[in-house]
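Asks: Each chain is listed here by its residues.
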Amino acid sequence: MTATTEAPAPEVPGRQNVVGTPLRRKEDARLVTGRTRWTDSVAAPGLLHVVILRSPMAHARLTRVDVSGALQRPGIVAAYTGLDLVDDFGGLPTAWTVSEDLKTPSHFPVARDVVRYVGDAVAVVVASSHDAAVDAMEAIEVDYEPLPAVLDMEQAMADGSPLVHDDIGTNTCFTYHEEHGSYQASKAKADVLLTRRYVNQRLIPNAMEPRSVVVDPTGAADSFTIWSSTQVPHFVRIFMALVCGIPEHKIRVIAPDVGGGFGSKLDIYAEEAICLGLAKRLHRPVKWTASRSEDYQATIHGRDVIQDVEIAATSDGKMLGLRVDLLTDMGAYLQLLTPSIALLGRYMYPAIYKFETHSFHCTGVFSNKTPTDAYRGAGRPEATFAIERAVDDLAAHLHLDPIELRRRNWITHDEFPYTTVCGLEYDSGNYEAATDKALELFGYDALRAEQAERRRSNDPVQLGIGVSTYTEMCGLAPSRWLGEQGYVAGGWERATVRMTPLGKVEVVSGTSPHGQGHATTFSQIAADALGVPFEDVEVIVNDTAAVPWGLDTYGSRSLVVGGTAVRRAAEGVVEKAKLLAAHLFEADPADLEFDSGTFRVKGTPSATKTIQELAFASFTSHTMAEGSDAILTADHLVDPETFSFPHGTHLCAVEVDTETGMTKIRRYVCVDDIGKVVNPMIVEGQVHGGVAQGIAQALYEEAVYDDAGNLVTGSLVDYLVPAAPDLPTFETDRTETPSTTNPLGVKGVGEAGTIASTPAVVNAVVDALRHLGVDDVRMACTPERVWRAIHGARGSDDPAPAGSVVYGGATTETTAGGRLT
Amino acid sequence: MIPAQFDYVRASSVDEAVAALAEHGDEAKVMAGGQSLIPLLRLRLSYPEVVVDVGRVAEMAGVREDGAHLVIGAMTTHHEVIHNELIRRHCGLIAEATETVADPAVRHRGTFGGALAHADPAGDLPAVALALDAEMVIAGSGGRRTVPAEEFFLDYLQTAVQPDEVLVEVRVPKLGEGWGYRYEKFHRVAQSWAIVGVAAAVRRSNGTIAEARVGLTNMGSTPVRASGVEEALNGASLERIGEAADRAAEGTSAPSDLNGKADYREHLARVLTRRAVTAAAGS
Ligand SMILES: Cc1cc2nc3c(=O)[nH]c(=O)nc-3n(C[C@H](O)[C@H](O)[C@H](O)COP(=O)(O)OP(=O)(O)OC[C@H]3O[C@@H](n4cnc5c(N)ncnc54)[C@H](O)[C@@H]3O)c2cc1C
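From first to last, the protein sequence lines stand for chains A and B.
Following the numbering used here, the numbering of the first sequence begins with 1 at its first residue and continues without gaps.
Following the numbering used here, the numbering of the second sequence begins with 1001 at its first residue and continues without gaps.
Just so you know, the hints here were simulated from the structure itself, not pulled from any lab data.
Don't be surprised by glycine CBs; every beta carbon is placed ideally from N, CA and C.
Incorrect hints may appear among the rest.
A few chain A residues facing chain B, derived, Cβ under 8 Å [unchecked claim]: (1) Pro148; (2) Ala723; (3) Pro783.
Looking at chain B on its own, in the form it has when it is part of the complex (with noise of 0.2 Å):
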C-alpha cells in the first residue's frame, strides 16, 4: 500500500515546527520517527495534506540531567535510550521497557517522545511514563507548558498534544537510592506488542516497601495507574506483595481483543504485578 499526496516539512526547530503546525492547522500532522504514522499513511487510515517532519530538530534530542530530573528529548531514538548512560542509572525502568519494544529496526528509528504522543494504550513507553510520574513539555505558538502524565494521556490514540503544538522533551524524576524496578510485559511472540505489560518501580526501606508506583499497559484506552496496588503497599511486607497485586484490576477497562477477552487481561495483571513488583523489590 502507498500513502495519498501530502506535503512534506522538514522542520530545524521547534519554533519552526510549531509555525508550519500554525499555518497548517488540523491538515498537518508532526512526524517523529514515523514508525507509527508511516503506517497509518500507507493504510490510508490518516490523510494529512501535510507532514511536519520533526526528526532532525537537535533541540529535541539527547538526554541531559537537570536536578533532581532527567530531560528526555522527544526524539531520542529507542536504541539511543537503551543505550544512554544516564537513563540507565537514574531511569533504568525507562531502558528496560525500551528493550522490549519491536525489533531492532524499528527502535532505530522510532522515538521516545513519538511513543509517548503516539499513545497506544498498547505501547509499553507511556505506562512507564505514568508510572515514573514523568512530566511532558509541550510548546506550541503560545509558548511551552508543562503536562504532567496522569493528565498527558486523555484517551485511546489521544493526548494533551493539540494539533497545533509539539511534544519537545520529557522530564522524569530520577530514581533515587533504595529504588528497584521491572517492566513485565507479557506477549505471544518477540516483536509483538503487550496483551498486558506492568511497569514497577518499588522503594524499600527496612524490609518493608515504603513506595511502590505501577504502570498497566493495555488495561484500558490509556495506561492506567494502579492505584489500588500502590495503596496497598505502602508500608507493606514483602510477603504482603501477592495479596496487593489482586488489586491490580481494579479500576481498569481492559479491552477484549484477538489476544485476549477482558477477564484474562484481569488476570494477567494480577499476575503480572505480583511478578513484577516481587522482582522490583528484590525479592
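Only chain A is shown next, with the shape it has when bound in the complex (with noise of 0.2 Å):
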C-alpha cells in the first residue's frame, strides 16, 4: 500500500468491554437541555395550525355542524366537518383479529354523524397561527341529539342496554375463550376454592410530551413527510398509505425526539391522518399539538379490566387449577390493538406456579369512553395483579406465610426449561435466588415482628407487607405466533452496522426509542463487537427514509429483539473485516484471530490491521477480497424463536394510618432477573420508572368518568400523577439468570417494574388491614377506600356508595366480590 492509501492513523488503545458498564446516557444532555427537536417544534415554511373541536358529549347524534361561523374569523384557513372529509381518509385500523366474532366498529378520523365519546372529533379548523384557530374554534355551532351513554361494562352486557353502536347490534366486541386441561377436574380434587373479584381501573398514560403531528406536502416529487410523536413511525407509514390512499413509497415518517410513550404512541391516530389529509387537500404543512387535556381525551387510555379469577387448591397449599374470567373495556372503537390487550396477558395468569389446568374466558365490551390500547405491560400487569392478589389472598386464607405458599408452587430453578399450564416454554429463571436475596435485604423476619407488634398494640398506624414473585412475556415476538394470534404484521427486527470511511460506526436500527436510551446501549453492543470506542458509534433510528425496515419500539423488544439484531450485524461487519484483512495479509482467515478492534496473524504479532484502516482499505477498495464490497457494512435481520420471561420478587411494606386511611410505602425492594445487562444504568431507570408507574396505579391514578360519561379527571389537577416526594426511595438489587433464547443472554426491563409493582403495594395495604376483617381495596388505594374498607368491615358503613362519583360512576364497583367458600 502507498502512504496515501493509509488510513489515517486511528488510535485504539487496549480497550475495555463497555457492554456491562453504568456508561451515561449519550442522548440526555441533549435531551435534558431541550437542544432538540420534538415534533411540535419542527417548523415548515408556510405552515398551518390545525386545532380539532371535539365532543362534548360522550354519545349524542350529531344534527348539524356548522363551520360558516369560524370561516369568517380573522386568520382562517379552512373548517371542515367529518362529512366534508369522506374523501381525505377512510377508517381507522384495528391491527388485531382476535377472535372470528370480533365485531370491528368504523372509526372515522372526524365523526360523521354520532360522537361515541367525550373527546371524539367533530370538526377541525385550519388557521395561520394556533392562537387563531383556537378563537375561531368557538365559533362551530354544533347540535347535539343526546343518546344513552354506556358506561358500565356489565350493564352494556345486559338485554336492552342502549348500544355504542346501532350497526352492530351488540356492545359484545368479542368473546374469547380457551381451556388448558380440565378445570372441572382440578376443581372437583380441590378442597379449598378461592373466588375473588379484582378490579383493574382505567388509567391515562402520561408521556411528558403529549402527542403532535405535523404533516408537510412539499417534499420531492410530490411526497409527504410526516412527523409524529410516535413509537412507531415504519407502521404510521404502512397505515397513513391505507387509510390516506397514498402511496407508500410517498410517505416519509419521521419520528423526532420523542417525550415517552408507554404504548399510548404504539398507536395510529385520528390527528396523523387529519393532518395528512389537509396537507394534500391544502397543499401546505400543517401541525397539530395536543393539549395536555385534549390527551386525555383523545390519546388511548389502558387498563379497565374487571377479572373473576378462582383457585382450586388443596388445603396444604397446592394450587391445581385457575380460573380466570374478565370483563375489558375496549371503549368507544378500536384502537391499533385494543381487543388484544386483555389477550396477551392470559398466559400470564398462571405466572410462575406449576397449576395443572387452567381455564381462560375474556369478554370484550364498547363502552361511550376513550378508547383503550397498549399502557406499559398491555394485559401483563393485569394478569399479574390478579395471580399475585389471589395467592396473597390464599395464604392468608390458609394461614400459611404469603412467601411459603409460593414456594410450595413455584416453578423451581432445576426444572428450567419449563413448559407451562399455557404451553410456554420458559427458557430460564431462579425465583428461589431471587426471592431470598429481597428477603435478606428488606430485612422481611424483622418487619413481620413489627407487625405483629404493631397489631397486638392496636398502633392506629399499622404495618403491611406485600408480595409480588412476577414473571412476564416480552421481547414481542415470533412473527410466527404473531400470525397464529391473527395479527397483521411480524415480530422481526432488522440492523445495518455499517463502518464510516474514516473507521467510526453506524448502527441503523428498526426499533424507535422514544426515551429507553437505545443510542447508549445499542452503542455498547456495537463498541463491544467491532472493538472501537463507544463514542464512534451513531445509532440512526426512527426515520422510514433512514431505516426502510422496522417494526418499532414496544413489548420490551427493542434490546432483546433489536439489540440481537445490532450484534449479529457487527459481527458480520467483523467477518467481512477479516476477509479482507486476511486478503491483505496474504494469510488464511482461519489463521487471523480478532481482539479488540485489531486483526492479527496468529504466530506473526507485528502483522496487525485495526478495524478502522480495514473500513478505509475497503472504501478505497485499491485491493479487494474476492466477494468483499466497497462498504464494510453487514444487516441483519432478527426473528426471535421465543418471548423473553424477566422474573423477580418485589416486596413492599406499607403504613397504613386507620384513622385517616392514608398509605405510606415505608420500603420497597426489588430483585430483578433480566439476565445479562448492557448497561445496569439504564436498567436501573427503566426499574425506577416502571415501579413508580405500578406504584402510581396501586395508590393514586384512576380516570374517573361521570354518570354522563364526562371524563372527571380531565388534568393533572385531578388525574393523581405521584412525583419524587410521592415515593419512597427504591430498594433495587439482581439476579442473573441469562436468557438461553439471545445470544445476548438479555430479557426485556421496560416493562417488568410496573408488572412486579402493583399487587406488591396493594397486597401490603390489604395485608396491613386483615386483621380487622378487610380482604380487598379497590385500587387506586385511596385513603377514603382505605377508610371505607375499614368501616365496611366493621360494618358500620356502606364501604362503596353505587354510583357516587367518588367510585367511578360505574356500579361495578358495588358488584359482590367473591368470597372464600
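The task is to assemble the complex, starting from two chains supplied on their own in separate frames and drawing on the hints.
Replies: Listed below in C-alpha cells is the structure:
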C-alpha cells in the first residue's frame, strides 16, 4: 500500500468491553437541556395550524355542524366537518383480529353522524396561527341530540342496554375462550376454592410530551413527510398509506425525539390522518399538537378490566387449577391493538406457578369512553395483579406465609426449561434466588415482628407487607406466533451496521426509541463487537427514509430483538473485515484472530490491522478480497424464536393510618432477574420508572367518568400522578440468570417494574388491614377507600356507595366481590 | 390551551389600579401572581377584556409591624411569606401553612393576597386568615375600608372585594406569648390541594387551654371557623382535646368530590382537628 491509501492513523488503545458498564446516556445532554427537536418544534415554510373541536357529549347524534362562523374569523384558512372530509381519509385500522366474532366498528378520524365519547372529533379548523385557530373554533355551531351513554361493562351486556354502535347490534366486541386441561377436574380434587373479583381501574398514560403531528406535502416528487410523536414510525407509514390512499413510497415518517410513550404512542391516531389529509388537500404543511387535557381525552387509556378469578387448591397449599373470567373495556372504538391487550396477558395468569389446569375466558365490551389500548405492560400487569393478589389472599386463608405458599407452587430453578400449563416454554429463571435475596435486603422477619407488635398494641398506624413474585413475557415476538394470533404484522427486527471511511460506525436499527436510551445501549453492543470506542458509534433510528425496515419499539423488544440484530450485524462486519484483512496479509482467514478491534495473524505479532484501517481500505477498494465490497457493512434480521421471561421478587412495606386511611410506603425492595445487563444505569432507570408507574396505579391514578360520561379527571389537577416526593426510595438489586434464547443473554426490562409493583403495594395495604376484617381494597387505594374498607369491615358503613363520583360512577364497584368458600 | 384576547394594564400604584378598574368595571380582572387566574384564562373559564396587573405595585408588597399587628402586603409572594422573619416570629401559622401550598415554582409567583382574594375553599390560606382573625384592607374609588375575615369570605371564589376594588394588605394580630399553632393538611400527593385542612392556634395557661382558634379548609364553600371546637376547648384540660375535636364538623357543609364524600371529610376534620390542636397545645 502507498502512503496515500494509508488510513488516518486511528488511535486504538487497548480497550475494555463496555457492555455491562453504567455508561452515561449519550442522548441525555440533548434531551435534558432541550437542545433538540420535538415534533412540535418542527417548522416548515407556510406552516398552518390545526385545532380540533371535540365532542363534549359521551354519545350524541350530530344533527348540525356549522363551521361557517369560524370561516369568518381572522387568520382562518379552512374549517371542515367530518362529512366534508369523507374523500380525504377512511377509517382507522385495528391490527389484531383476536377472534372470529370480533366486531370492528367504523372509526372515522372526524365523526360523521354520531359522536361516541367525550373527545371524539367533530370538526377541524386550519389557521395561520394556533391562536387564531383556537379563537375560531369557538364560532363553530353544533347541535347534539343526546343518546344514552353506555358506561358500565356489566350493564352494557345486559338485555336492553343502549348500544354504542347501533349497526353492530351488541355491545359485546368479542369473546375468547381457552382451556388448558380440565379445570373442572382440578376443582373436583380441590378442598379449597378461592373466588375473587379484582378490578384493574382505567388509567391515563402520561407521556411527558403530548402527541403532536406535522405533515409537509412539499417534498420532492409529490411526497409527504410526516413528523409524529409516535413509537411506531414504520407502522404509521404503512397505515397512513392505507387510510389516506397515498402510495406508501410517497410517505416518509420521522419520529424525532419523542418524549415518552408507554404504549400510548403505539398507535395510529386520527390526528395523523387528519393532518395528512389536510396537507394533501391544502398543499400546505400543517401541524397539530395536543394540549394535556386534549391528550387525556384523545389518546388511548390503559387497563380497565374486571377480573373474576378462582383458584382450586388443596388445604396444604397446592394450587391445582386456575379459572379466569375477564371483562375488558374497549372504549368507543378499536384502536390499533385494543382487543388484543387483555389477551396478551392471558398466559401470565398462571405466572410462575405449576398449575395443572387453566381456564381462561374474556369478553371485550364497548363503552362510550376513550378507547383503551396498550399501556406499559399491556395485559401483563393486569394478569400479574390478579394472580399475585389471589396468591396472597389464598395464603391468608390457609394461614400460610405468602412466601411459603409461593415456594410450594413455583417452578424451581432445576425445572427449567419449563413448559407451563398454557404451553409456553420458559427458558430460564431462578425464583428462589431472587426471592431469597429480596427477603434478606428487606429484613422480612424483622418487619413481620414489627407488624405483629403493632397489631398487638392496636397501633393506629398498622404495618402491611406485600409480596409479588412476577414473571412476564416480552420481547415481542415470533412472527409465526403473531400470525397464529391474528395479528397483521410480524415481530422481527432488523439492523445494519456499517463502518464509515474514516473508521466510525453507524448502527441503523428498526426499533424506535422514545426515551429509553437505545443510542447508548446499541452503541455499547456495537462498540464491543467491533472493538471501537463507544463514542465512535452513531445510532440511526426513527426515520423511514434512513431506516427502511423496522417494527419499532414496544413490548420490551428493543434490546432482546433489536439489540440481537445489532450484535449479529456487527459480527457480520467483523467477518467481512476479516476477509479483507486476510487478503491484505495474504493469509488464510482461519489464521486470523480478532481482539479489541485489531486483526492479527496468529504467530506473527507484527502483522496487525485495525478495523478502522480496514474500513478505509475497503472504501478505497484499491485491492479487494473475493466477495468483499466497497463498504464495510452488514445487515441482520432477527425473528425471535420465543419470548423473553424476566422475573423477580418485589416486596413492599406500607404504613396505613387507620384513622385517615392514608397509606405511606415505608420500604420498597425489588430484585429483578433480567438476564445479562448491557447498561446497569439504564436498567435501574427502567426499574425506577416502572415501579413508580405501578405504585401510581396502586395508590394514586384512576380515570374517573361521571354518570354522563364526562372524564372528571380531565387534567393533572384531578388525575394524580405521583412525583418524587410521594414515592419511597427504591432498593433495587438483581440476580442474573441469562436468557438462553438470544446471544446477548438478555431479557426485557421496559415493563417489568410496572408489572411487578402494583400487586406488591396493594397486597401490603390489604395485609395491614386483614386482621381488621379487610380482604380487598379497590385501586387506586385512596385514603377514602381504605377508610371505608376498614369501616365496611366493621359493618358500620356502606363501603362503596353505588354510582357516586368518588367511585368512578360505575356500579361495577358494588358488584359483590367473591368470597372464600 | 391559550386565553382569549384581552388588554393588559400594569398598575404601578394602588390608585392607578383602582382607576383602571373604575374605568373598565366588570370587564376588568385584577391579576396578582396569576397562578389561579391564568389557568382560568387558559381554560377559557374566564373572559376579562382587561387584566390589571398589580404584581409590581410596591406599596402592596412586603411585611411590616404595626403595634399588635403584622401588616402583610397583598402582593407578598408565598415564598417571601415562608422566609419572612416577622411572620415566622409573630404569625408562624401562616408560614407553616404556606409551606404546604403547591410547589416552589408556584410559591415564587403566587401571592398571599391573591390566595385570599381568590377564596378557593380548598386553598390553605383562607382558613388560616380566618383562624387568626385577620382583617383585609380593601381600596376602591371611594377610599379604603377594612373587612374582618369573618365577613370577607362570602361564597365559593367570592369575597367582599368588589369588581372595582383591590385588596391592598392584610392585618394580622400577632400571636403573643403562650401561643402554639399547627396547620394539618391532608392531601394525597405533595403538590395537591387539601382534601381537608385544619389551622389551629392554641394559647396554654397553667396546663389548660385558655383560648383556641380553629379554621377549617375545604369543609364548605368558604373557610369555616370550628366554633364548637373552640367553645369546648375554652378552659379545657388537654385530655379533653379529643372530645372537643369531635365537634369539628358541626355547622360545616363539606363538598363531595373525587377526593372524598362529605362524611369522609367530616371524619377527617375531626381527626385532623384533634391532631392539630394537640400539636398546637404542645403535647
Ligand atoms: C399547580 C398549583 C397548585 C396549587 N396548589 C395550591 C395549594 O396546595 N394550596 C393553596 O392554597 N393554593 C394552591 N395554589 C394556588 C396558589 O396559592 C395561588 O397562588 C393563589 O391561589 C392565587 O394567588 P395569585 O397571586 O397567583 O393570584 P392570581 O391568580 O393572580 O389571582 C387570583 C384571583 O384573585 C384575584 N386577585 C388577586 N389579587 C387580588 C387583589 N390584590 N385584589 C383583588 N383581587 C385580587 C384575581 O382577580 C383572581 O380572580 C396552587 C396553584 C397552582 C398553579
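Asks: Each hint should be assessed against the structure and marked as holding or not.
Replies: Comparing the hints with the structure gives:
Violation of the interface hint for Pro148 of chain A is found here, the shortest Cβ-Cβ separation to chain B being roughly 24 Å, above the 8 Å cut-off. Because the beta carbon of Ala723 of chain A sits about 7 Å from the nearest beta carbon in chain B, less than 8 Å, this interface hint is met. A distance limit of 8 Å between C-beta atoms decides the matter here; for Pro783 of chain A the minimum to chain B is near 7 Å, and the interface restraint holds.
The structure is inconsistent with hint 1 alone, although it conforms to all the rest.
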